[in-house]
Each structure stands twice: as structure tokens, then as C-alpha cells.
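Protein sequences, first through last, are from chains A and B.
Using this note's numbering, the letters of the first sequence correspond one by one to residues 1 to 111.
Using this note's numbering, the letters of the second sequence correspond one by one to residues 1 to 111.
If you're looking for bench data, these hints aren't it; they were derived computationally from the structure.
Hints are supplied without guarantee of correctness; some may be wrong.
The calculated lysine-lysine pairs, modelled on DSS-like cross-linking and capped at a C-alpha distance of 27 angstroms, are [to be verified]:
no.	chain 1	residue 1	chain 2	residue 2
1	A	Lys2	A	Lys79
2	A	Lys2	B	Lys57
3	B	Lys71	A	Lys103
4	B	Lys57	A	Lys45
5	A	Lys45	B	Lys11
6	A	Lys103	B	Lys11
7	B	Lys14	A	Lys2
8	A	Lys91	B	Lys14
Sample of chain B residues facing chain A (criterion: CB under 10 angstroms; computed from the structure) [what the hints assert, rightly or not]:
no.	residue
9	Pro8
10	Thr13
11	Val19
12	Gln37
13	Gly42
14	Glu44
15	Leu55
16	Glu56
17	Ser58
18	Phe65
19	Phe74
20	Ala88
The structure presented is a predicted model; accordingly, all values stated were derived computationally and were not measured.
The C-beta atom is built at its ideal place from N, Cα and C for all residues, glycine as well.
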Amino acid sequence: RKEVEQDPGPFNVPEGATVAFNCTYSNSASQSFFWYRQDCRKEPKLLMSVYSSGNEDGRFTAQLNRASQYISLLIRDSKLSDSATYLCVVKYSNSGYALNFGKGTSLLVTP
Amino acid sequence: DTGVSQNPRHKITKRGQNVTFRCDPISEHNRLYWYRQTLGQGPEFLTYFQNEAQLEKSRLLSDRFSAERPKGSFSTLEIQRTEQGDSAMYLCATQLGDEQFFGPGTRLTVL
Chain A
1 RKEVEQDPGP FNVPEGATVA FNCTYSNSAS QSFFWYRQDC RKEPKLLMSV YSSGNEDGRF
61 TAQLNRASQY ISLLIRDSKL SDSATYLCVV KYSNSGYALN FGKGTSLLVT P
Chain B
1 DTGVSQNPRH KITKRGQNVT FRCDPISEHN RLYWYRQTLG QGPEFLTYFQ NEAQLEKSRL
61 LSDRFSAERP KGSFSTLEIQ RTEQGDSAMY LCATQLGDEQ FFGPGTRLTV L
């Protein structure tokens, strides 16, 4: 069983739609949480960190539920440029500084 | 360009050959990571350096793989006696604070 699980999608949504991605992690010794974005054939780039209190950055909202070991990402008013793969990432406190990635969720925003 | 750079960007080799990849980090970042990413998967951690010291290695890093970071600057990843299963994108990342910055990767194809 993979330590960080995501629905691979693809999620096909029209422009302007709201879309939500979920992620679960299995290691309770988890320290930090992130969402990375990866465009086709490009490197992953940090989208946002995820804090216990929840955090928002423009159209993007991330939530963390430590009790359920669950992370979410909400994208409002989706744009064509949001089309990408969204990677859920967990850093464990007992494994140095390595990032543990989910497989990613593919999003395609259509006109 | 002040980001992480990797060379070569693409490498095609025959099974059994040795290959070496190079990563040039962002200059003030002393933590450097290697990851491997195959199609449809998220990046998987291979190894981690703090300055010149290799502090962590994944079980994915078989004895055919070796990584170095002499003088704590650039890093190399060598794969000996390549196998078809080694075909993947090899990503280098450096860290500042909580964020890891990825290079563009080296795409390896083993024929």
C-alpha cells in the first residue's frame, strides 16, 4: 500500500468550475504537507504548503485533517492554465527531509 | 538562470552501459536530493546530501547506483550496468526552508 494515496483522475472540468482533490497518507509521523503542480514533461513546482488551520492562496484552498490523515485541495473558478497534474506530498518527521509523493491527480480544464 | 540545472536532459543508452548525470544546485542551497519518476507515478526519493555528506539513501538505490557531491556543490548520479527498468526521469532538487526546487530532470531511456 502506497503511503500517499490520490485519485489519479483524470478530472475533466469546464472553465469556471470548482474542483476538489483528496489525498490520504498512512504514516502518522508526518510533519509537513504540500501540494505540488507538475505540467506535462516538466518538473514539479510547489503550489502551496498545507497547514493544520487550512490556508488559502487566491483561488486555491488547502485543508489538512491530521486525525483522519487527509489532505485536500480546492480550486475555484478553474482556468485553462490550471490543467496539470497535482501531486500530494508529505514529509515524515522520521525520514530525514525526503518528500513522499502521491501518484498525482490529473486535471484537464476545458473551454 | 539561477535555478537547478541538470545535464544531460536526455540520455539514450544500451542495456549494460554505464551512465552519469549531473546536477548543479542553486548556489546557497546546501541540501540536495535525487528522485526518480516513472510514467504515471510521483517522484520517488533516491538519496539526500547535506553539503558533501550523503545522509540518506532509499532502498531503491541498488548497488548499481552511486551518487556523489564533492565539495558540496554539484552532484553526480551514476548508474552502472543499466537495465531497462532504469528508464525513468531522474530529478534533482535543492531545498531552502521547507520548499524543494526541482531541476528539469534527465530522461533516461535504456534500450
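Checking each numbered hint in turn, tell me which of them this model violates, lowest number first. Of the numbered hints, 1, 3, 7, 8, 9, 10, 11, 18, 19, 20 do not hold.
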